[in-house]
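Colleague: Single-letter residue listing:
Protein chains: 2
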Amino acid sequence: MILTVTLNTALDITYRVRSLRPHTSHRVSDVIERPGGKGVNVARVLAALGHEVTVTGFAGGATGRAIRDRLADTTCVRDALVPIAGATRRTIAVVDELTGDTTQLNEPGPQISPTEWDTFLDRYAELLPSASAVSLSGSLPPGVPVGAYAGLVRSARTLGVPVLLDTSGEPLRRGVAARPDIIKPNADELAELTGSHEPLRATQDARRRGAHAVVASLGAEGLLAATPEGRWRATPPSRVHGNPTGAGDSAVAGLLSGLVKRLPWPERLARAVALSAATVKAPTAGEFDAPAYEELLGRVAVTSEVIAA
Amino acid sequence: MILTVTLNTALDITYRVRSLRPHTSHRVSDVIERPGGKGVNVARVLAALGHEVTVTGFAGGATGRAIRDRLADTTCVRDALVPIAGATRRTIAVVDELTGDTTQLNEPGPQISPTEWDTFLDRYAELLPSASAVSLSGSLPPGVPVGAYAGLVRSARTLGVPVLLDTSGEPLRRGVAARPDIIKPNADELAELTGSHEPLRATQDARRRGAHAVVASLGAEGLLAATPEGRWRATPPSRVHGNPTGAGDSAVAGLLSGLVKRLPWPERLARAVALSAATVKAPTAGEFDAPAYEELLGRVAVTSEVIAA
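Chains as they are written, first to last, in the working numbering: chain E, 1 to 309; chain F, 1 to 309.
A couple of the hints might just be wrong.
Heads up, incomplete: computed chain E residues facing chain F, CB under 7 Å, no partners named [to be verified]:
1. H23
2. S25
3. H26
4. V31
5. R65
6. G100
7. D101
8. L105
9. T115
Computed far set for chain E versus chain F, every beta-carbon distance over 12 Å [said to hold, decoys possible]:
10. D30
11. R68
12. V82
13. R174
14. S238
Just a few of them, taken from the derived set where beta-carbon distance is under 7 Å, the chain E residues facing chain F [claimed, not checked]:
15. V28
16. I32
17. A62
18. A66
19. R70
20. D73
21. A85
22. T103
23. Q104
24. S304
Since the hints were derived computationally from the structure, they do not count as laboratory data.
These figures come from a predicted structure and were not determined experimentally.
Glycine residues also receive a C-beta, built at the ideal position from the N, C-alpha and C atoms.
Pulled out of the complex, with its shape left as it was, chain E reads as follows:
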């Protein structure tokens, strides 16, 4: 199975309103709720691709129960979340029917106690030996040490389990130093890590800091990868219109899926870009359009990148 870690899970709620106008009252016409947090999104896409996935991290309160109830209904996803005293955060996306634009409200995560963190570390140690790969995704809730991901990367590497890290800021900086197999920063996260706004140079720099492979997501321009086997750029066949929520998580799922199937890097990248574009195209935020994925997969352009000396 593939293990996805989401320390800051969320109940993702989407509201549809006619037009959001600050300081007035709105009747919400449509409410959609899904389990969220980046690693949970990754798990959902992996499960849809037919992989067995185990989800771990934290869940608590009524929102945590809502997440677990829904995960129980998802085929191929096993819930190994650790219960906490605090309540799992909500995120609210308010979609404006007139413009299609989205306003996002993100609650802070619940406080994690030292005992809860220790319980998670035990759970992680139990799950790791049977994992074919592990992803560590998203922000850290309050109470989790800033070096948490670095420790989780080291444990995976000790057991020889390939580990992908997708986070930002200081947790990313520390995690990279622990030498993860793959990191998947977006352009901003990569620039923050390396100080360089030039993606080709920055991916190389991030490798020097410890990441074995760096796959940078560049929005509509696709992915740029610097790996021990070479450097590639993978781009979707045409500009895709829609909602980019979850596109990065779908790319992570594509990379993990290709990794456990031992596909060569260009095929992994094609899979990641096609899933990402099929997520932007899907009518529901964070879902992917399966026929669009199949159709896009053969049309992603993957080209070798050469760095001028």
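Please build the complex by placing chain F on the supplied structure of chain E, with the hints as guidance.
Modeller: Then chain F, alone, in the frame of chain E:
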């Protein structure tokens, strides 16, 4: 005990953000959750005044559980909510820290099945004989017949239990015809019911339509009452600044409290106005400031109103 009916209960959530800007992402700095829906707010104020209160209506889903967990922690409030398959709605109040203004997002209520409605009617019939007064507050969730309040008013009157109705639109129109003891419309609801924008005339007209007593809430101007014993205007001592959320529900609690204590109308109105103003003054939406209430109570002006022939 006093029975409060809330057919469309809600989990009221308050978010604090620095400044709400549509189509951007916001980090919520503070999250407050409370059981809500107008009748639940009335119950909380009655309990704070020392009355034994029973809350009924519907609750379901994770949001319903959150409401019930919190009600269990509230002294003097007994939870007699009827479980439903659907999920209790949320309301989200986004408070802008820069301006203090609030943006409101209200989910629609859950669908109530005919069986659930019948279960509620049985529960209501069980509770009514031991009630000293009953309030019927707020909107009707989908599936509840539009004449619901009219039926609930009739059952209460058959048993001689004083009944207060606080709703709007067609449910109010039908409910008034069933001859409730008190209705508490605001200026808009009263105008919609009677077609008159002149409050003195409109309160008289609402009495002719069936309400024994009409207490119109006129915002900062206080209350205007037309009763079988006379007509009064009750006004707070000075303009109160703050958040008017829940001020109407506090007024209802004041009227019920005065009713079961058999206070004369002017004292009931003074209590209602003081509670209402103390709610506007309280830092948390929907709570009332107890010392402010005590201080305001003696300073509300209640004057007889004479209608020109």
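Colleague: Hint by hint, which ones does this structure get wrong, listed from lowest number up?
Modeller: 6, 9, 10, 11, 16, 19, 20, 21, 24
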